[in-house]
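*Asks:* Protein chains in written order, with the working numbering: chain A, 1 to 424; chain B, 1 to 534; chain C, 1 to 495.
I should point out that these hints are in silico values taken from the structure, not numbers from a laboratory.
Here the structure is a predicted model, which means the values were calculated and not measured.
Warning: the hint list may mix true and false statements.
Unchecked claim - Within a straight-line C-alpha distance of at most 30 Å, the following computed DSS-like cross-link-like pairs (lysine-lysine) qualify:
1) A/307 - A/28
2) B/338 - B/416
3) B/132 - C/320
4) A/137 - A/126
5) B/338 - C/132
6) B/300 - A/30
7) B/350 - B/310
8) A/306 - B/3
9) B/300 - A/8
10) A/148 - A/137
11) C/477 - B/338
12) A/306 - B/457
13) C/347 - C/132
14) B/473 - C/434
15) B/338 - C/104
16) B/350 - A/319
17) C/132 - B/533
18) C/104 - B/473
19) A/224 - A/154
20) B/310 - A/306
21) B/338 - A/307
22) B/300 - A/304
23) B/132 - A/8
24) B/338 - B/310
25) B/402 - C/320
What the hints assert, rightly or not - The following residues of chain C were derived to be distant from chain B, with all beta-carbon distances above 10 Å:
26) 210
27) 223
28) 432
Said to hold, decoys possible - Only part of the chain C face toward chain B is listed, based on derived beta-carbon distances under 7 Å:
29) 112
30) 182
31) 189
32) 195
33) 321
34) 352
35) 355
36) 358
37) 414
38) 415
39) 452
40) 476
The C-beta atom is built at its ideal place from N, Cα and C for all residues, glycine as well.
Spelled out from the first residue to the last, the chains are:
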Amino acid sequence: MALHDYEKSMNYCIRCSHCKWIPLNKIKSKRFSGNCPAVSRYNFHSYSGGGRVALAYSIFLGRTQISSEILETIYRCQLCGSCQVACHLIGEICEPLEIARELRFKCVEDGELLPEHMLMIEGMRKEDNPFGEPKAKRGDWADGLGLKNINNEKADIIFHAGCMFSYDQDLRDVVRGAATLLLQAGLDVGIAGHEEACCGGRAFDVGYRGQMENYADDIIARIKAAGATKLVTPCADCYSAFKQFYPMIRKELDIEILHTTEYFAQLIREGRLRPKDRGSLTVTYHDPCHLGRLGETYVPWEGKWKKVLGQVNIPEPPKQIRRGTGGVYEPPREILRSIPGIKLVEMERIREYSWCCGAGGGVKEAYEDFSEWTARERIEEAKSVGAEALVTTCGWCERNFRDALIDTADDFKIFDITELLMGD
Amino acid sequence: MDKNAYKMLESILGPDNVSRDPGVLDAYTYQWMGEMTGNDVTRFGPFRPACVTLPSTTQEVQSIVRVCNRYGLKFKAQSTGWGLYASPGEERVVQIDLRRMNRLIEINERDMYAVVEPYVIWAQLQVEAMRKGLNCVTIGAGSCTSALANCTSMMGVANNNVSMGYNERNVLGVEWVLPDGEIVRLGSLGSGGGWISGDGPGPSLRGIMRGTLGALGGLGVFTKCAVRLYHWGGPPDLPSKNIVSMDERLLEYPENIRLAAPYFENRINFEEALAKVGEAEIAYAVGLVERGLMTLGLGKENLESVELRKTLLPSLPKHIFVLLLIANSPREMEYQEKVLEQILEQTGGKRFEMVEEPGFRDIITLLLVKGGSAPARGVFSPTGSFSPILCGFFGTRRTLTKAMDDSEEIKKRYVKSGLLADDMGEGGWGPLVIDHGHMEYFENETLFDPNVPESIKALVDLTEETNTSLAEKNLVIPFLSQIKAARSKGLPVHDAIVPYMNSDHRIWQRKFKQAFDPNDAADSCNYIDWEEKS
Amino acid sequence: MVLLKNEGGIMMEREKLVDLLGEQSVSYDPETLKKYSQDHSLAPSREPSCIVRPGSLEQVQDIIRLAGETNTPLIPVSSGEPHFHGDTVPVLGGVIMDMSGMNKIRMIDRKDRVAMVEPGVRFTDLQAELKKEGLRLPMPLCPRVTKSVAGSCLEREPHIIPKYHLDHSDPLLCNEVVFGTGDTFRTGEAAGPGTLEEQQQSGRRQKISMGIQMNINRILQGAQGTLGVVTWSTVKCELLPLLQKPFLVPSDDLQRLLELAHWLVRLRLGDELFILNWNNLAALVGRSNDEPNAIMKDYPEWTLFFCLSGGEFFPEDRVKQQEKDISIIAKNLGIPLYETFCNLSAKEVLKLVSSPSPEPYWKLRPRGGCQDIPFITSFHKVPEMVDVIKQEVLKRNFPLSSLGLYIQPVCQGHGHHCEFCLFYDPSSPEQRGKIKDLYLSAGKALMDKGAFFSRPYDILTESVYNRDGASRDALRKIKRIFDPNNILNPGKLCF
């Protein structure tokens, strides 16, 4: 992939600014009508999805180069994909999200690197996680749970914890809870423990394509060896990497990929998991970008654009139009609705047009203030609909929401769905 | 750009709100219709701004304008900035991006207006107004466009113009930073009387501000205005499921709303029925999407649209329009429906039931009330770009069908060349009737590929041919189409029109320009040159 | 060679005028000149030197050209007397341009609901012709019989059908105008393509009032003839109803009536709608206290009048439906509707307001003279403005029984036009003096509360324009464009 591959796409932005708003018919208030944290915060058109397309095209044509201001523009973006959802309601040739990511590949290729990202990649290279935490401690979260070790034995389900859940102590209950619920349902679950490596999604997002390729190869091998039929993860980032990024680089995981909520919802339907009474609580659900609109399976396309009916452009063969409609939206909601005592109220920006938590795209690492600003926007929205707590199902979202609240006196609650399922 | 001028802008706005990075500037140079200018088919227009500024208050706007006057720079303001109109028309133009001026200041329920800053979009205004039982005109360009820009500076018709009027008349008090940096507040606003009127004292300066079209940046910067709102008899919200327009379904179809899609044997009866609908004052919204356009752009994807051409076209009538009835009481609904049936009987109209069934009914109702993404999808997705011919054709009873016939005839020839999207010449869209029939409106959307030079040329040639044809028939020349054709050739926008006119408006318009913009600071590429150019 | 006197010395030659217009169209009869030297307003008196009556566009062009060459002020007048606003009283002397001789109805078109009239056409004549085509022109509240249609429209006088009052400019559409520079211009779509005849042949009816990027009509309105002289105008007409059912809603509670009016206008129920206080109502219907069939003294302070109508499509059903819907609103507000209240029937009022006022002009009936205070305000401020005027009136010992109040929702409910009338005896210098003081103090008090004097007249003019220096300066620029020599009605407005 290179900008060259998007040459046609870059000339097809129509500059309509739909990329700055949630789908127009879904707007419920002026306050919560924006969809793009970057342009909402920084305002220059270059920060929007369409603006990045123009920027990319300008660089591609040699009209401009990557300056420090442009570098900042490129990386002050969570790559949350909301611009692409909005854009693809209008057209199908322009790909603002992919073009925005291509810009990062170009930055890395050209040696335009952010020190914070370099640190993260260094951590990955040394310890197979973006935090630089000791690899040897990666599996510690599972101590005492009795999970199979897929390095030695086969298991039907590979439980991929992901880096955040492996290392973040605050989220320990979530990952342990998730694994426990699977075990309690009588499932054959194994983990790679300290051998588990990062999915590489974060590396990919900040422009280090090669780094993710390595991780993809690793997990493919591991899956094969385990003889597993399912790969289940509680981490939305990993989920998205497996379903979207890996096919983008033509690495296919020949296994059914599920997020824990998909599985839990199925177990609840089958009666194999009975949610406990949580006590009365009004919650709202935050759709993580990587589980929702970026949780669709990516279908590679190597085709051409053909003309019919005069100048009408159609793809040959047919091409996936990524609008996020194939993401995971219902299972988490089903779960919440099934937990006694929980009342679910919806925010205004949900599902395909959910507002990002702020953590993605390397923003949390390099632009913490922007990351937390984005999170605070979301928390504001959650409160505005009368929720007492914000519930999500992504470790990165949870971390970022919690961090945004740390230095405030605000005791607004953030939960993972798994915590609510576990009960008190 | 003069570095002192830049420093001054930085000190006024803060360094975070000014930029002259070429990449940032190119984001503003890239525009829809950029492909129609310059020497290549990229969407980059011919002129990069000197810098981009992001003011947040009227005072900051005023300061920017004063800096420009002082340093011999020009300026071009944009709100949502869609289209080449929003970009500079020459070198050394400071782009004023009004995105940070996005306050919805007030909704006055009894006097029925909203006070907005430039970056409040129609969708935002509408949702806040609907909560209070009020509504606004949401233009065909899309509800992602600026309410203020549409009312003060631009053009834009809407399906609900039939009941709520064209936005040239939907503006009350206005706050206006003139090109020399003075601030004038129109009407009651300037006299301490609030926003209630934009006219006076004495002669109304609204007459300088705009006609069918505004000055598109050529006469300064509008920083606030009061937009008229109207009664909304529907529910406070229209929640729907699914996000793709053709999949969108209302969770509940309101009881007091009805969609009808009558069709007719010929255009004469079609227009007669429209006129009667207007005179009977029953419609909330009226609209036309001709079948050629419908079967080009309304599928979930282009492939599906192309299929629709095969599967749907045979059953689509040619002379059809849709109308939405909204009643404030069951009695009123009964009356409206009875009148509609009578009109159809008188004009030989029949109802196209497919459109009135759930599914199409929801999609079209949402389109007529809210707009959404369907309009943009319909005209941009198939080929990547479009420009309406007859854009700005405000007609009346005897001229609407003439223009429809004329444009269709000419367009068919161009469509045959394969250089445009094949809509069979039937690419029409429009509210058709405005102000219950006192005006009629139609434009013919013409889809072309921005990557194909011959396609662009075909569009420009078609535009010029249709404009000339209308002029020679002594029909109104659609001015917005004219601007596009003129700019693609680097020509003054009014010069091609004036030879046909009995009154040379350029004289007076130029005098306004000279009087209010003594230093020629406001970029006039869409307005009129400060001096007549030979 | 007789020269006509003018400020500054240069004069229009009488012989030249007679050459251009004919002897019968030039008058310097002292009696007639005196009539033009003052009117019912408080504008200072000043006699013109001559009256000319052009009969064509060419003659108007010639007069303006000649006036420009000789620096002679011209004061265009289209309505007949009595005049009320001081706009036809020459401030610096000059020549009255009596446009009443141009009085053709040039075109009426049912299909496009439009009529083209010359300045001298009056409402009575136009309505009679429109009626033949099933049309009507919404009209201000009982204008005097001598009122010019074009004159009224150019003054932005609001009419009494708020539903059809789409903008303050309504019902004016296009105009043909000769500017003070001598240039002729046609506004809106009348500018072309094509000549007027060619346009009409192609089916156009000079209906689209907007120019391309300007709207000169809006600039001409409220200008009191200071920018150009209009030689024809098109006006937007509406369909004549086949059925009408009027109602009276008397109440002492203005707020409730305003609320009712708001909903009627907002929901587009009914056509004619306005609110009058007792004094105005009595004057309008010609039934003041001292008349045999006077409206009873205990008639409530306020009356809202509205009228339902039905047209081509099921008129009875329409009226019935609207009546039912309105009665629910009225019931919720606790105010009953009447077809007749005490000894006054709504039909009687409808008949009156459907035509210009019979003579004497209704506003002159109570005392012989009337000073109007017209302004625009918002819904919530109307009662406040009423309180202000009452206080001002009481402060100056002016009888409340001589205060007429008229409230008109305008622009489809976007604002209210208030017209407060001070009835007085003009033959009494004492009363005249009092009126002047009251007019000035009330005007100021109202402005201080936010009343917008959108078309200021006579002695209030300066204070209105001084409140909005930026607009004033902009208007002066406009004046320099259209009338650089300041020959058209100089001294009016802010120039």
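*Asks:* Evaluate each hint against the coordinates.
*Replies:* Right, here's what the structure says about each hint:
1. A/307 - A/28: Roughly 39 Å between the alpha carbons, so the hint for residue 307 of chain A and residue 28 of chain A is violated.
2. B/338 - B/416: With a Cα-Cα distance of about 43 Å, the restraint between residue 338 of chain B and residue 416 of chain B is violated, given a limit of 30 Å.
3. B/132 - C/320: holds, 28 Å
4. A/137 - A/126: holds, 13 Å
5. B/338 - C/132: Satisfied, since the Cα-Cα distance of roughly 28 Å is no more than 30 Å.
6. B/300 - A/30: holds, 27 Å
7. B/350 - B/310: holds, 23 Å
8. A/306 - B/3: Roughly 49 Å separates the two Cα atoms, so the pair is violated.
9. B/300 - A/8: holds, 21 Å
10. A/148 - A/137: Holds - the C-alpha atoms of residue 137 of chain A and residue 148 of chain A are around 17 Å apart, at most 30 Å.
11. C/477 - B/338: Violated - the C-alpha atoms of residue 338 of chain B and residue 477 of chain C are around 54 Å apart, more than 30 Å.
12. A/306 - B/457: holds, 20 Å
13. C/347 - C/132: holds, 22 Å
14. B/473 - C/434: Measuring from Cα to Cα gives roughly 62 Å; hence the hint is violated.
15. B/338 - C/104: violated, 41 Å
16. B/350 - A/319: violated, 39 Å
17. C/132 - B/533: At roughly 51 Å apart (the allowed maximum being 30 Å), residue 533 of chain B and residue 132 of chain C break the hint.
18. C/104 - B/473: Between residue 104 of chain C and residue 473 of chain B the Cα gap is close to 28 Å, so the pair holds against 30 Å.
19. A/224 - A/154: Distance ~10 Å between residue 224 of chain A and residue 154 of chain A Cα, so the pair holds.
20. B/310 - A/306: holds, 18 Å
21. B/338 - A/307: Violated - the C-alpha atoms of residue 307 of chain A and residue 338 of chain B are around 47 Å apart, more than 30 Å.
22. B/300 - A/304: holds, 19 Å
23. B/132 - A/8: Violated, because 45 Å separates the two Cα atoms, which is more than 30 Å.
24. B/338 - B/310: It is violated: about 35 Å lies between the C-alpha atoms, which goes past 30 Å.
25. B/402 - C/320: violated, 39 Å
26. 210: violated, 4 Å
27. 223: Residue 223 of chain C not clear of chain B: closest Cβ-Cβ about 5 Å, inside 10 Å.
28. 432: holds, 25 Å
29. 112: OK, holds: residue 112 of chain C within 7 Å of chain B, min 5 Å.
30. 182: Check failed: Cβ of residue 182 of chain C comes no nearer than 12 Å to chain B, outside 7 Å.
31. 189: With a minimum Cβ separation of about 6 Å from chain B (threshold 7 Å), the hint on residue 189 of chain C holds.
32. 195: holds, 5 Å
33. 321: holds, 4 Å
34. 352: violated, 26 Å
35. 355: With Cβ-Cβ at 24 Å, over 7 Å, it is violated.
36. 358: violated, 31 Å
37. 414: Since chain B brings a Cβ to about 5 Å from residue 414 of chain C, closer than 7 Å, the hint holds.
38. 415: holds, 5 Å
39. 452: Where the cut-off is 7 Å and the nearest Cβ of chain B is about 3 Å from residue 452 of chain C, the hint holds.
40. 476: Violated - the Cβ of residue 476 of chain C stays beyond 7 Å from chain B, reaching only about 10 Å at its closest.
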